[in-house]
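Line by line, the protein sequences give chains A and B. Following our numbering, the residues of the first sequence are numbered contiguously, the last one being 143. Following our numbering, the residues of the second sequence are numbered contiguously, the last one being 365.
Simulated from the structure, these hints should not be mistaken for laboratory data. One thing to keep in mind: the hints can contain errors.
As the list claims (entries may be wrong) - Some chain A residues flagged as far from chain B (calculated, every beta-carbon gap over 10 Å): (1) Met1; (2) Val30; (3) Glu72; (4) His85; (5) Leu95; (6) Ile114.
What the hints assert, rightly or not - Which stretches of chain B does chain A cover? Using the computed rule of at least three CB atoms under 8 Å from a CB of chain A, they are: (7) 223-236; (8) 262-268.
Here a beta-carbon is modelled for each residue, glycine too, at the ideal position from N, C-alpha and C.
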Amino acid sequence: MHTRFLIVDDSDLVRQGLRTVLQANPEWEVSAEAANGSDAVERFKESHPNVVILDFQMPGINGIETARRMMEIAPAVPIILFTQHASAELEKHALEAGIRKVVSKTDAFPMVGIIEALLGPGASPASLERPSEAGPRNSRNDR
Amino acid sequence: MNDQQKVNILMVDDQPAKLLSYEVILKELDENLLKAHSGREALDQLLKNEIAVVLMDVSMPELDGFELADMIRQHPRFQKTAIIFISAIHLTDLDQLKAYQRGAVDYISVPIVPELLRAKVSVFADLHRKTRQMENLNRDLRSLSARLISMQDEERRRIARDLHDSVGQLVASLSMNNGLALLEAEKLTVTARNALHQNTEIVQQLSKEIRTISHLLHPPLLDEIGLLAAIKLFAGGFTERSDVQVSVELSPEIGRLAPHVEISIFRIVQECLTNVYRHSGSKTASIKMWPSDERVLMLQVSDQGKGIPRERSVAMSLGASRSVGLSGMRERARELGGSLEIQSSENGTTVTAVFPVASPAVVGA
Chain A
1 MHTRFLIVDD
11 SDLVRQGLRT
21 VLQANPEWEV
31 SAEAANGSDA
41 VERFKESHPN
51 VVILDFQMPG
61 INGIETARRM
71 MEIAPAVPII
81 LFTQHASAEL
91 EKHALEAGIR
101 KVVSKTDAFP
111 MVGIIEALLG
121 PGASPASLER
131 PSEAGPRNSR
141 NDR
Chain B
1 MNDQQKVNIL
11 MVDDQPAKLL
21 SYEVILKELD
31 ENLLKAHSGR
41 EALDQLLKNE
51 IAVVLMDVSM
61 PELDGFELAD
71 MIRQHPRFQK
81 TAIIFISAIH
91 LTDLDQLKAY
101 QRGAVDYISV
111 PIVPELLRAK
121 VSVFADLHRK
131 TRQMENLNRD
141 LRSLSARLIS
151 MQDEERRRIA
161 RDLHDSVGQL
171 VASLSMNNGL
181 ALLEAEKLTV
191 TARNALHQNT
201 EIVQQLSKEI
211 RTISHLLHPP
221 LLDEIGLLAA
231 IKLFAGGFTE
241 RSDVQVSVEL
251 SPEIGRLAPH
261 VEISIFRIVQ
271 ECLTNVYRHS
281 GSKTASIKMW
291 PSDERVLMLQ
301 VSDQGKGIPR
311 ERSVAMSLGA
321 SRSVGLSGMR
331 ERARELGGSL
341 EIQSSENGTT
351 VTAVFPVASP
361 AVVGA
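In isolation and in its complexed conformation, chain A is listed as follows (with noise of 0.2 Å):
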């Protein structure tokens, strides 16, 4: 089933490698990137992905602050963070603002057996998202 992600990371590298291990699988789009947490916050707003991966430490406000805003649009989205710096200090800090998992930098193969696993077999793309507050979905018009 066909799934969309919005990727964030302040690194082209990190974001084409990403890019490239997440679209190794033919249902997997992603439809969406940026480099820093305002944008990203944008990108969720504009392009309805079902699933995000954050990065932590970015310029400007850091992957928490950026996925708890993300939860105030569309709380059901599982969101990921894709970190450096992941600890279990860290991941009590992500839980509370809503990130699903937090994922080392360097697992970035097991976390697309987390990704299908938060997925699950019975959902679909629908499911994964409420309308958001701004306007009328249109997750139909997939690009």
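Place chain B on chain A using the hints.
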């Protein structure tokens, strides 16, 4: 500040003629001579100017020299001000003792021998001058030291940031590429496949080492989440590296503090634990932080080790310790307007620091 900066000498007498005679004698010392004709004037001068030495007669018609000395000594600021008493009457030893008890530091009898008066006054003038010089030097030293510490913190933060932004992202990329190659492992020879598998482990190790270096340079969660999270993370990592069990009790009421306060407190905790590891032989340690009231934060780091050897402990209390870490901690606490104490016995060592906080440390519910 040159060595020959003039100091102020205050001469007190209710008779102008006497003041004039002192002035004539002391003129060649080339210091600032100030005059006061009454107790009130004298105190006024003391409050307005920095006085190196006060010269006064014990028995003035309108003014009691001893009483004036008492009044001066009552002000905490003037408890150490040099007072030279002049006495016309031949005083017995008992009276001289009374004078010294009243806080006189010296004593000259009439008829005044000019060279003697000059000699006694200039001793105290020089002492005052040297004390002031030393205080200035101390102040400069402290200020330099604080700047160095702050620059060091800045540099470490920058390096940790660079590690994350360049090296760390490269390692992440490497890891992803390696994984992508492994997706087609069945197309490879066993040798190639094993090499890639080994790469996976190497990359994990690389990532771990970078994380450790970065954490020691600058606490990663400090800027983004705050001091409490940073301390907890550090304590956990420390236990992993050192095998010392650290218990952490941080009052959840403590909110975000100013960045320079948070980094200093963190560095003090870091230094304390490093000392526990290097010197104490203790297998356990504890970190406690709590607000003792709305504007005061207490920090206590203890271990159950063998304590600081007596010679070192004595040297530390005299300020003669050569330990850079210890002076660094003390300096950081001082810079924040706080203080740091170390107590040690053969059952362990406790470092206690007190910090005033500009904004309330306690965060409302």
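Output the indices of the hints that this structure fails to meet, ascending.
4, 8
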